[in-house]
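Novice: Each chain, letter by letter, is given below.
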Amino acid sequence: MFTFLHAADIHLDSPLRGLENYEGAPAQEIRGATRRAFENLVRLACERRVDFVVIAGDLFDGERDDYASALFLSRQLYRLRDAGIRLFMLAGNHDAASKMTRSLTLPDNARMLSHLEPETIDLPDLGVAIHGQGFAKSAEMRNLVAAYPQSIPGRFNVGILHTSLAGREGHEPYAPCTVTELVAKGYDYWALGHVHTREVVSARPWIVFPGNTQGRHVREPGAKGCYVVSVDDPGTARLEFVPLDGLRWEVCRVSAADCERPTELLGAVTAALDALVAQADTPLWAVRVEVTGKSPLHAELMADPHLWTNEIRARAQGVSADRLWIEKVKLLTEPVRPDVLRPDEDGPLAELLSVFAELRASDEKLRELGGEFDELRARLPVEMDERGEALPTTADELQRLLNEVEPFLLARLNVRGTPS
Amino acid sequence: MNIVQLDLLAFGPFTGATITFGAGTAGLHIVYGENEAGKSSSLRALKQLLYGIPRTSADNFVHAYGDLRIGATLRRRDGRTVQVIRRKSQKHALRGGDDEQVVEAQVLEEILGRRDLATFERRHGIDHDELVAGGKAVGEGKGDLAELLFAAGSGVADVNRIQLQLNSEVDELFTPRAQTRRINKSLDELKKLREVAATSRVRTADWTLLRDELRADRDAEVQVVAELADTRGRYERLSRLKMALPSVVRQRDLLAELDGLTDAPRLAVDAAELRQKLVTQLRVSEHAAQRCAEELGVVERQLKEFPPASPLYERAEHVEACNQQLGSYKKAAKDRVGLDSRRTALLDDVSRTARDFLGHAATIAEITAIGQRPAPRLGVRKLGRSPDQLATRRGELAKQLADHVQRRHDAERQLQDIGPSPDTTEFERVLRRARKEVAQQEREQSRRADAATARTRATSALARLGGWTASLEELLAAPLPTPETVEHWHKVLREQAEAVERLERERERHIAQRGRVTIELAHLDEGFAVPTEAHLSAARARRERGWRLIRALWEKQEAPDDTSDSYLDESPGATTLGEAYTLAVAQADQIVDRMRHEADRVAHKSTLQLRRDQVDHDVIAAEEQLAAARGAEQASLEAWRAIWKRHNVVPQLPAEMRGWLTRVSQIGQEIAVAEQAEAEASVLAERVAAQRRQVLVAWKQCAAERPLPESTSLAELLDDADEMLQRWRDAAQRAEGLRNQIEQLASQTERTRSELQDVLRQQDELAGPWREEMTRLSLPSTATPDEAEEQLRGIEKIQEGLREMEQLDERMRGIDREAEDFSRVVHDLVAQAGFAHEGWPVDFAPTEMMKRLKAEHEREARRAALHKERARLEKDCRSQRSKCDEARIAVEQLCREASVLTVEELPAAEHRSARRHAVEAELREIDKHLLPLASGEAVARFAEQVLAQDQLQLAAELSTLESDIADKDRRRNELAARIAVLESRAQQLDQSAGAVEAEFAIQQLVARLQVDARDYARKKLAAVLLRRAMERYRERGQGPLVRRASELFAELTLGSFAGLRAEFDDDGRPVLIGVRPGRNRTTPIEGMSTGTRDQLYLALRLASLEEDFRGQEPLPFIVDDVLIQFDDARAAGALRVLARIAERVQVIFFTHHAHLRNIARTTLDDQAYCVHELRRADSAIGLSEPTTEKENR
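In order, the protein sequence lines correspond to chains C and Z. So in our numbering, the last one in the first sequence is 420, and the numbering has no gaps at all. So in our numbering, the last one in the second sequence is 11193, and the numbering has no gaps at all.
Please note that a few of the clues may not be correct.
Stated by the list, open to error - Below, a list of computed lysine-lysine pairs in the BS3-like style, where the Cα atoms sit at most 30 Å apart: (1) K10185(Z) / K328(C); (2) K99(C) / K10192(Z); (3) K10304(Z) / K10851(Z); (4) K10185(Z) / K330(C); (5) K10868(Z) / K10883(Z); (6) K10191(Z) / K330(C); (7) K99(C) / K10191(Z); (8) K10331(Z) / K328(C); (9) K10851(Z) / K10331(Z); (10) K10928(Z) / K10242(Z).
Said to hold, decoys possible - Non-contacting residues of chain Z with respect to chain C, defined by C-beta distances greater than 12 Å in every case (computed): (11) P10246; (12) Q11003; (13) A11050; (14) D11067.
Treat the hints as calculated values from the structure; they're not laboratory data. Where is the CB? At the ideal position from N, CA and C, for every residue including glycine.
The task is simple: from the sequences and hints, build the whole structure.
Specialist: What follows is the structure in structure tokens.
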């Protein structure tokens, strides 16, 4: 009987994205979140006295040459060595691009599997055989599984692989392979990495993505951590997921449909945040608040989105000043009766609405309008606005902006309009 | 839609109140109420009737939410009426007039169209705040026409501020060349952070280098440290040998001495000292024991000589108590004397009073009898004072009465002099009405002047008109063609002229086309003409004809005829028919060949020829159409001239005649204006005269006896009337004062008289009781109150003296009793103490016994002290004897230890013992010193090595080793320093998270930039599109709106401005400016006063409102106290404008300013408006229902 720990995608020192600093935000507490998660992993391994640890790729976060990350890793690996815990890992696409991976001196308890060919490590004391091959280059498009050896009889066979299988949304299709191919190898446990969302692909044999150990932006929500795998004498494994993240991302949706006064909405937001924070004993939360619904407050919200963002942040500080970071506030409300009312039949406001309507009808005019942002666009960092979330260029993006501007402007004019 | 009636059934302060606006088509309704009268509540009720009562309402302070009700009768444009009641409810809030039947919300929505509450408030209402904001925005926008039209049209008065705010917010976010804007700052910061991130990174190559250096230095350090340890070991051993030498020599000498002391006793170190101490102690103790025994004998003798204790000493407590009581006893005896003398004095006093009362020296019995008399039952004092007061009061009242009667008489005489006042109510009403007409007199003159001016303008316009020779009247009477006719002919002639022109152009075009086709054909035929089908047909026909000729000749054998000749003639170069035919065949073949070879050109030519034919046809057709069109045009012109001929006018073209007719129409308008002004003037004059007559009639009715005034104009007449009226008022006021005075005096007289009677009655009532009281006091009934008072005081004094004497007697008896008890106690105690025989008096015995008792106490104390001293001496004797024994035993023990028999032998033994101790101790010290130097070796062996060492060689060796050690130390320190530096650097790098933190900060900044840039985009676009909409609205509506606003503005400013004009400013921006009357003077917006700007905004707003009437169902226009900052004249102007608008749409004007209501009364025709007054209730609980005052109807 033995126990091991399966983690992947540590992405050490990868910066958290999308967190705008604001007065009262728990910035001090949040720094070094990926390091905290890795420390938690090492602590967990020691506390549970696991026999070995498997990390299925992406220890580092790419080409950034900052050896401080390697040094930190090294310190943690020595802690594992002091506790007598072995470590088996391989290079993922990010590690392959990293200079640090090549010059890292590992303590004798840690082993980086070969990236030239599949390597098998036999642990006769535990009755375990570990197979794996790392990435030689970042864009590894070969099917690496094909070359993996068949399982060794009488051993608990663990395969380590950095892959997105036949493809996973939002992830590059590196080292492609199929579940059937994995099953065919006859292994007991496939410790996969690369996909940041936790997923047990199969239970017989176990094919498992543990997800990353620390979410880095709002598109990586929920608890992040690793699996503790306990194997009994007949070779049956039991899995337990243990969160390691020091900071958890969530989207908190609040309906403003029944709110007639701003205080009611703020109360609802507070309650939702309270409920969220009470859910789990996580040290820190990064929360995106989305206000939705057909609401009587729509115009008021649209008139000054900044004000509401700040109000909600202030409420969040009331909920938990040092544990809650409001990543963003998205006001997605709609007017209660959009189709019935028009501000005037033939007057200035109808003219204003017709200006909007004309722009919506003509992509060409819309794009012309996009020229208004050229001066600012030229100054912004190129990688900043890939999705056009700030300064739109395509007609679709401009349409979205127009949908924001119309209620905003009508609200400024104190008019309830007919946004389409 | 009009509101016929608004029922404030249960809302705010109202209960069952109603405002009836009436079923008329429209009208100006002035809803007037003072503060707290419920004006705001009724305005709110009106809006909430139409749009629902909000979930949280403050209008439930009288009626609970569930009871709130607002009802109304609404009349639609098509005349249908709807009766509804609004409840506060989520569902079925709208009910019918019975408050039961549910009315669908759709019914109201149909009436309101697609106008929500905000739209209704913005477009169909204006309040003071909006007017002020609008006026302010007019100033801030500096006349920006687009902004002004947009603001007034939409009711968003501060659109200018919103636009500026948006622009400013955009600029605050980002300006391309700024440094301090939010986004600019973030970008700078981002640049710096990137530099920080780059420099704080720990590069792998740097780290590897550092690690290698550190490893090499650490290895070197290990080696140096090992060498140093070895050298130090050798140095240390030689040093030990050197250090041990003096000790080893001394050790050798001491061991020799110790050999001679082997038989010396081992006494304790302090043996001599102990011996000395014991001997001394023995001597001292023996002496002390002896002295104690002697002292004990003396004490025992003294004790035997003491006598036993006395009986007095045994009763010491009683004696002391007795002595304490002696003080009280003596004081009581002294007090008794004082009490006795006080009693005697009192007795004298009472006796004296009794003597005065009885008139002779009284006995004790008599005095006691007086003391026991009962007190008078009625208050003598009260009775005694009353007669005096009553007499004085009676005198005063009689005087007052006379005075009142005299004053009343005087007042009645003055009132008679003033006489009766006339009733001026009717006179005043007539005057009020007449006063309104005074202004009409001026207006009449003004209208007459207007008429004259208009006529002059018409005459001069006729002179400039041209083409008319007859008189002005004839011109106006003449049935000139109507504008429609002119327009018809203008259209006909213009269309015909256009047709002619178009046909001409058409013809030209065809001709030009024909030219082009002809030229192209000519080009095609240049060189060799291109063969055509016609050429081919001709050639073939020719060939056929030749063949037919030849065949005929051949078949019929005939000679060639003329036909053949002519055929030959057509074939130049041929002499015979055969040649000609051959030629014809060759020609036809040639044509066919060419047509085959030049098929394209042939086809092209054929097309061109077809086109030329077509174009020829087109040219002819166009010419025909042109001729027809010219004919028609000429005919129309004739007909046009014929229309005018009957008025002897030679007409220009219709377009010009249109202007001519407009000028004629203007002349007509001028004449109409003049006539209207004259008519108005006549009416006004008649009204003024009528009023004057009415005033005179009323005057006569009021004061028939007075002559009528001679003033001629209405104003003078009114002044005279006012003066007269004032005189009447003064007289009436005086008379009223006098009447009040008489009434007051009458009531005072009555009161005085009644009081006088009271006084007389009281005097009568007093006589009986007084007699009784005097008898009781042993006085005659004629005694005065003062006498009675004195008698009464005497009795009281005697009674008081007797009461006090009784108290004194009681106290003296108590003192006597206590003295007796004390004497008895003293006597008993003296007997018991055995002093009965002394015969001491009571107040002496206790003191004497106390004195003797003191001596007894002192003797007993001395006896106790002697007992104590004896016990102490006995104890001391025992102690001294025991010490002697102990000392003796100890000395004997010492002798035994030193193996001697007597004390005297002890000192010699003690000396030898001490020396042996000293030698052994020093040897031990040396061993202790050598042991560490031997460093684990046996000390004896080490000592041998020391003694064997050559001292000179040792010193040289030590010196060499010292310098070696110093070198190695230096080397090790250098390495340690280098390692420390490298380690510190490594540690720094190891702990470094600088780059990581900078990256995190960069991400935070990028997140912020993302938000800010989106904000920028939103606001920038909002600003751009708002401006675009404003410009477009301006372009669309500028003309009619500015024109109408111009007229309204002139009216609102009472002609201070002639109107408004749109112009371009220096930046080419369309702006609005004010036009002053005469000479085309203009005033920019910046030059207008605040009030005028308000009026400008109001003019634009009302102009836009009028535009609105054209479309959907009109809603009432709600005006909430907008005129409070207008002066009276301009407020009157504004009310006139509103009244005119009210002819087309219901206007409800809320105000709490009475002067505005009054201005309406003096300014507007009675039929033009209606006042609804809300009255504040006197009680604090609720408000009275509003009343509708149909003024002057």
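Novice: Hint by hint, note whether the structure agrees.
Specialist: Now for the hints, and whether the structure bears them out:
1. K10185(Z) / K328(C): holds (21 Å)
2. K99(C) / K10192(Z): Between K99(C) and K10192(Z) the Cα gap is close to 25 Å, so the pair holds against 30 Å.
3. K10304(Z) / K10851(Z): Answer holds: K10304(Z) to K10851(Z) is near 27 Å, not above 30 Å.
4. K10185(Z) / K330(C): holds (25 Å)
5. K10868(Z) / K10883(Z): Holds. K10868(Z) to K10883(Z) sits at ~24 Å (cutoff 30 Å).
6. K10191(Z) / K330(C): The given pair, whose Cα atoms are some 28 Å apart, holds under the 30 Å limit.
7. K99(C) / K10191(Z): Holds: K99(C) and K10191(Z) sit about 25 Å apart, inside 30 Å.
8. K10331(Z) / K328(C): violated (103 Å)
9. K10851(Z) / K10331(Z): With a Cα-Cα distance of about 22 Å, the restraint between K10851(Z) and K10331(Z) holds, given a limit of 30 Å.
10. K10928(Z) / K10242(Z): Judged against 30 Å, a Cα distance of about 17 Å means the pair holds.
11. P10246: Holds: least Cβ distance 55 Å, greater than 12 Å.
12. Q11003: violated (4 Å)
13. A11050: holds (24 Å)
14. D11067: holds (21 Å)
Hints 8 and 12, counting from the list given before, are not met by this structure.
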